[in-house]
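Chains as they are written, first to last, in numbering that gives the first Met the number 0: chain A, 0 to 699; chain B, 0 to 149.
Treat the hints loosely; a few may be bogus.
Partial selection, computed: residues in chain B whose CB lies under 10 Å from chain A [claimed, not checked]: (1) Lys6; (2) Gly21; (3) Glu25; (4) Gly27; (5) Gly73; (6) Ser108.
The calculated lysine-lysine pairs, modelled on DSSO-like cross-linking and capped at a C-alpha distance of 30 Å, are [claimed, not checked]: (7) Lys409(A) with Lys354(A); (8) Lys124(B) with Lys367(A); (9) Lys354(A) with Lys299(A); (10) Lys243(A) with Lys124(B); (11) Lys148(B) with Lys354(A); (12) Lys124(B) with Lys576(A); (13) Lys609(A) with Lys619(A); (14) Lys35(B) with Lys148(B); (15) Lys6(B) with Lys469(A); (16) Lys22(B) with Lys6(B); (17) Lys409(A) with Lys148(B); (18) Lys22(B) with Lys279(A); (19) Lys78(A) with Lys58(A); (20) Lys6(B) with Lys409(A); (21) Lys243(A) with Lys297(A); (22) Lys35(B) with Lys619(A); (23) Lys354(A) with Lys22(B); (24) Lys137(B) with Lys367(A); (25) Lys469(A) with Lys124(B); (26) Lys137(B) with Lys360(A); (27) Lys126(A) with Lys106(A); (28) Lys409(A) with Lys360(A); (29) Lys35(B) with Lys469(A); (30) Lys124(B) with Lys354(A); (31) Lys469(A) with Lys137(B); (32) Lys106(A) with Lys78(A); (33) Lys360(A) with Lys22(B); (34) Lys662(A) with Lys540(A); (35) Lys413(A) with Lys66(B); (36) Lys124(B) with Lys35(B); (37) Lys409(A) with Lys22(B); (38) Lys413(A) with Lys619(A); (39) Lys413(A) with Lys137(B); (40) Lys6(B) with Lys279(A).
These aren't lab readings, by the way, just hints derived from the structure by calculation.
Small disclaimer: the values here were computed from a predicted structure and weren't measured.
Ideal placement from N, C-alpha and C gives every residue a C-beta, glycine not left out.
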Amino acid sequence: MLGFDLGKYRTMVVSIALFLVLDLGVLILNFVISSEIDKDAVNINLAGRQRMLSQRMAKTALQIEARNAQGQPSEKEAKELAQAHATFDGTLNAFIAGGNTLSGAGKDIHVERIDDAHAQAILAEAKGLWTPFSTAVRGLGDKGAPSPEAAAGIARQAEAVNLSLLKLMNDLTTRCEQLSSDKATTLRMVQVSGITLATINFLIILFHFLRHLRESDRLVEKARRETDNILQTTQEGLFLLDDKFAMGTQHSKALAGIIGTDRIAEQDFLAILRPMVTQKTLDTAKEYIELLFQPEIKEKLVASLNPLNHVEIHQAQGAGEMSTRYLQFGFNRVREEGRITHLLVTANDITRRVKLEQELKATEERAKGQMGMLVEILQVDPSDMHRFLRAANEGLGHINNHLMEQGGGKAEQKINAIYRITHRLKGDAGALGLSMLATPFHELEEVLDGLRGRPNVTGEEFLPITVHLKALFEQLETVGSAVTRIAQMRGVVTVEPPRPQIDPAEAVPRVVSQWQAFTRQIADRQQRQVQLSYSGIDLQKLAPVLQESINSMVTQFVRNAVVHGIEPPAERRARGKPESGRIAVYVSQREDGGADLSFRDDGKGLSIAKLREAAVRAGKLTAEEAATLDHRRIVALIFEPGVSTREAVDEDAGRGAGLDAVKDMIARLGGTVRIGSTPGEYCHFRISLPAQPEQLAAAA
Amino acid sequence: MDETQLKVFVGIVQRYFEKITGKAAEVGTPFLGQPKELPIHDFTGVIGISGSQRGCVYFSAPAQMLKELLLRAGETDLSEDNFADLTGEIANTISGNARREFGSEFLISVPVVVRGSGQHITVPKDVRAYVIPLRWHKIAASLVVSVAKA
Numbered sequence: 000m001l002g003f004d005l006g007k008y009r010t011m012v013v014s015i016a017l018f019l020v021l022d023l024g025v026l027i028l029n030f031v032i033s034s035e036i037d038k039d040a041v042n043i044n045l046a047g048r049q050r051m052l053s054q055r056m057a058k059t060a061l062q063i064e065a066r067n068a069q070g071q072p073s074e075k076e077a078k079e080l081a082q083a084h085a086t087f088d089g090t091l092n093a094f095i096a097g098g099n100t101l102s103g104a105g106k107d108i109h110v111e112r113i114d115d116a117h118a119q120a121i122l123a124e125a126k127g128l129w130t131p132f133s134t135a136v137r138g139l140g141d142k143g144a145p146s147p148e149a150a151a152g153i154a155r156q157a158e159a160v161n162l163s164l165l166k167l168m169n170d171l172t173t174r175c176e177q178l179s180s181d182k183a184t185t186l187r188m189v190q191v192s193g194i195t196l197a198t199i200n201f202l203i204i205l206f207h208f209l210r211h212l213r214e215s216d217r218l219v220e221k222a223r224r225e226t227d228n229i230l231q232t233t234q235e236g237l238f239l240l241d242d243k244f245a246m247g248t249q250h251s252k253a254l255a256g257i258i259g260t261d262r263i264a265e266q267d268f269l270a271i272l273r274p275m276v277t278q279k280t281l282d283t284a285k286e287y288i289e290l291l292f293q294p295e296i297k298e299k300l301v302a303s304l305n306p307l308n309h310v311e312i313h314q315a316q317g318a319g320e321m322s323t324r325y326l327q328f329g330f331n332r333v334r335e336e337g338r339i340t341h342l343l344v345t346a347n348d349i350t351r352r353v354k355l356e357q358e359l360k361a362t363e364e365r366a367k368g369q370m371g372m373l374v375e376i377l378q379v380d381p382s383d384m385h386r387f388l389r390a391a392n393e394g395l396g397h398i399n400n401h402l403m404e405q406g407g408g409k410a411e412q413k414i415n416a417i418y419r420i421t422h423r424l425k426g427d428a429g430a431l432g433l434s435m436l437a438t439p440f441h442e443l444e445e446v447l448d449g450l451r452g453r454p455n456v457t458g459e460e461f462l463p464i465t466v467h468l469k470a471l472f473e474q475l476e477t478v479g480s481a482v483t484r485i486a487q488m489r490g491v492v493t494v495e496p497p498r499p500q501i502d503p504a505e506a507v508p509r510v511v512s513q514w515q516a517f518t519r520q521i522a523d524r525q526q527r528q529v530q531l532s533y534s535g536i537d538l539q540k541l542a543p544v545l546q547e548s549i550n551s552m553v554t555q556f557v558r559n560a561v562v563h564g565i566e567p568p569a570e571r572r573a574r575g576k577p578e579s580g581r582i583a584v585y586v587s588q589r590e591d592g593g594a595d596l597s598f599r600d601d602g603k604g605l606s607i608a609k610l611r612e613a614a615v616r617a618g619k620l621t622a623e624e625a626a627t628l629d630h631r632r633i634v635a636l637i638f639e640p641g642v643s644t645r646e647a648v649d650e651d652a653g654r655g656a657g658l659d660a661v662k663d664m665i666a667r668l669g670g671t672v673r674i675g676s677t678p679g680e681y682c683h684f685r686i687s688l689p690a691q692p693e694q695l696a697a698a699a
Numbered sequence: 000m001d002e003t004q005l006k007v008f009v010g011i012v013q014r015y016f017e018k019i020t021g022k023a024a025e026v027g028t029p030f031l032g033q034p035k036e037l038p039i040h041d042f043t044g045v046i047g048i049s050g051s052q053r054g055c056v057y058f059s060a061p062a063q064m065l066k067e068l069l070l071r072a073g074e075t076d077l078s079e080d081n082f083a084d085l086t087g088e089i090a091n092t093i094s095g096n097a098r099r100e101f102g103s104e105f106l107i108s109v110p111v112v113v114r115g116s117g118q119h120i121t122v123p124k125d126v127r128a129y130v131i132p133l134r135w136h137k138i139a140a141s142l143v144v145s146v147a148k149a
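Based on the provided sequences and hints, a complete structural model is requested.
Structure (structure tokens):
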């Protein structure tokens, strides 16, 4: 109604208005009644004058009569009587019906009719007495002095009405005083009532509003305490942000810890963000906040654009260490009367949640990747797996030792040494069916192959080897931990029956089964048919180092025989051989505790011509040297690194590293090797390994 | 960290030596080192790595190398403080260039200089670090990269 909402102050305004209305009412009544009292005062004066005039008229009438009797002139008295008559008559008529009369000062004044029954009754009675006397007196002044008879008549009439008229005018005066007194009493009552009401109203205002104010203060205080408690205890960072990016004066205690600063109140939010985020994120955040202050933009629609929903921040700590935390800022509009005045910003440290999510994701990915690995691991006997893992770790350690040796001019030796280890481990992994390890070893082998034979290999060029080495170490650790977990599971529940050391059905040693499986695997890949047979002692009787070495050597010989020796079935048929090639392995124990290994295949044997070509291709010999070198030395070339009669490289062969690795092993064990071969018929390796120092130490 | 990324670090150090002395540092064969066996010389400048990979990269050199470098740069103040400043400068160069090379891939901290070969540098536990031996005028120094996936 007034164009603005009085809200909670409405009652107060109404009360104050009522107070003023009461005061105004009293004032008006006071004015009206005072005015009435003024009029009554005039009436009292006039009534008093009437009383005096009645006496004067009687006295003057008697004087006129006396002067006439003495023969003295009486014009002056007659005139005075006429004037008193006129004044009395005018005033009496004015009292009865309202009209003009002369005031005490001789001025013409208006007198209102006296609205009082009692006064009117007095006036009516006075009028009754007055009229005959008035008729006798009327016109006296104009006619000059009356005759003695007329004067005597007037005097007698005056005597007749004088006392009654005096009494009536006296009554009238008293009545007027009474009326005035009544009005004065009314006025006092009105004033007292008005002031009383105003006082009551004031007290109501005072008590009502004091109570309300105190209640309101109590609620405000309570709300402030609650807000303080919330801000002090909440784990979230809370603050208000205005459209100038200034942070509010109030914020939750946790905020300082979350954003890493105590200076928050009225600070520029973007300045606080700047060191935490990239410039791009900062720019996007600024635009996003500006968007939220635009009322036409739907808050929920743009929520997904919040660039601060997931902020990764990094803080330096100590010597080169950096800590990473993840923060989440949420923004909600704060409206007052429909206008967006602020944004309520909620800041959370979500590091723990993010890290858990990352761990969960990593675990899931690991689990996915480990499924294939677990299948492969489960195929391998646990003791073989442990042996392999130990040997592989040692092998990688040796590779790292080779890398650690600094000094120029030995790069080629270093590469070849690393190559041999890699190739052997690749073979061992392949023999166990562990493709997840054979593959990375193969990849490292490829890197090494790229460096072999190259002059002046720089230290920097070794970098990919080191990178692969690290990856292999990690892969071995992954496999190792998977093996441990499987072992733990086997300890708790029987996943599968423990494998017997020797297959009871055919009494084939487990290691031989593996060689046979490996042979089939390579034969399938190379489109050959090959069968491996074993005769000799149980390898378990040998010292562990000999077992591992023989196993590793047989693996390399199998690969070599299937790829280079055994002919394709059609070719064998054409040569009059059985389609399926044969490999015979024989191991015996030497008297000194060492072992002899015999490995024979019925393939095409060593081709001296091809070996010559391979040696030239690998840069080991010139064409002339190759042509003149005797057979024995040509055959010995098969143990040289990089010499392969295979022209194409694949997972199984072609790099000429397998026999190099065998030679390296034999040399390390102090053994000897002899080769026998007839072209088109067979190839036969005979290895003799002496007892190893740890055996001798144990025996002593 | 892959080979390309490692080469960036190696390249930065080599270029620094070449720019200051006209002779690039020779790089030995890089190998892996366990956290407790990493080479630490007299002065080490460490920069922290964060982001998708976490850990640190440090350049560690003996006082003799730093002295030679200062002499070649025409410096006469051969105090330890100046050695530390030079180490900080090398680490800063690594940090600044790496930041430019890797952009948002990693976050790289401001370098910290640690004095003394007996000091401990905090590197990620259970992670084999890449040790890249450096040699300049027959004096050996090391660049070590020890990071793990976050």
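### Task
Sort out which numbered hints this structure fails and list those numbers smallest first.
2, 5, 7, 10, 12, 17, 18, 22, 23, 24, 26, 28, 33, 35
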